[in-house]
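Peer 1: One letter stands for each residue in the lines below.
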Amino acid sequence: DAMVIQNPRYQVTQFGKPVTLSCSQTLNHNVMYWYQQKSSQAPKLLFHYYDKDFNNEADTPDNFQSRRPNTSFCFLDIRSPGLGDAAMYLCATSRGTAGYGYTFGSGTRLTVV
Amino acid sequence: GESVGLHLPTLSVQEGDNSIINCAYSNSASDYFIWYKQESGKGPQFIIDIRSNMDKRQGQRVTVLLNKTVKHLSLQIAATQPGDSAVYFCAEKGQYTGANSKLTFGKGITLSVRP
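As you go down the protein sequences, you meet chains E and P in turn.
Residues in the first sequence are numbered from 1 upward in steps of one, following the working numbering.
Residues in the second sequence are numbered from 114 upward in steps of one, following the working numbering.
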């Protein structure tokens with residue numbers, strides 16, 4: 001089945017140690033998003049790619065970066081994780097600007113120790 | 114500023130009853146709305162969507178109603194089952210153009226189904 005896959009499901013990293021989360025999709029959607037979701041809160045958009053064009057949200061910390069080497073893959077890099085970065089990170093995809101087919105992955109739960 | 118919000122943080126219903134989850138939005142230019150269900154430890158799961166040119170849309174056991182006059186969205190779940198227990202989010206998309214296409218989520222509401 002076409003889907004959005006996130007790896008790993010659970011990630012533990014040390015304070016200040018760079019970590020990368022990955023997302024892949026078989027939907028051939030041209031837009032990919034990264035969201036941060038903290039406990040009992042709504043997902044918060046960090047940034048998105050429209051094809052190769054990167055769009056950063058104004059309030060996304062510089063500590064968060066992203067790469068999209070091809071249509072299928074997108075990575076979230078946290079350069080120096082702090083305790084406040086512990087959260088669920090969700091990847092989503094959609095077809096174009098209308099937002100059709102907006103599909104989420106199962107998320108990666110990040111713990112910072 | 115623009116916001117999408119849910120009226121109540123929790124909702125408890127008896128199994129078999131109908132559930133109604135409400136959502137208010139403030140951006141009158143919003144043209145697309147989605148309801149998501151999120152179970153513990155999982156990503157949001159699409160339930161149903163509606164465009165601003167409609168006021169009602171039905172799916173399997175679910176109905177979404179849109180009232181643009183008062184900027185109100187609701188999700189109705191018929192014959193609520195224990196498997197419906199989850200956090201529900203409404204989300205809206207404004208009339209972005211070009212390369213921008215993103216959703217704004219409201220605060221989640223927890224639906225708890227009593228056996």
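In short, the hints are calculated from the structure, not lab data.
Careful: at least some of the hints might be erroneous.
Calculated lysine-lysine pairs in the DSS-like style (CA-CA distance at most 27 Å, straight line) [to be verified]:
(1) E:44 <-> P:181
(2) P:220 <-> E:44
(3) P:155 <-> P:181
So the derived list for chain P, only partly shown, Cβ under 10 Å to chain E, looks like this [claimed, not checked]:
(4) 155
(5) 162
(6) 192
(7) 194
(8) 195
(9) 196
(10) 206
(11) 216
(12) 219
(13) 220
(14) 221
(15) 223
(16) 224
(17) 227
Residues of chain P clear of chain E, computed beta-carbon distances all greater than 12 Å [unchecked claim]:
(18) 130
(19) 132
(20) 147
(21) 151
(22) 156
(23) 158
(24) 171
(25) 174
(26) 176
(27) 181
(28) 184
(29) 200
(30) 204
(31) 215
(32) 217
Remember, it's a predicted structure, so these values are computed and weren't measured experimentally.
Yeah, the Cβ is synthetic: ideal placement off N, Cα and C, and Gly gets one too.
Peer 1: Which earlier hints can't be squared with this structure?
Peer 2: 3, 6, 7, 8, 9, 16, 17, 20, 21, 22, 23, 29, 30, 31, 32
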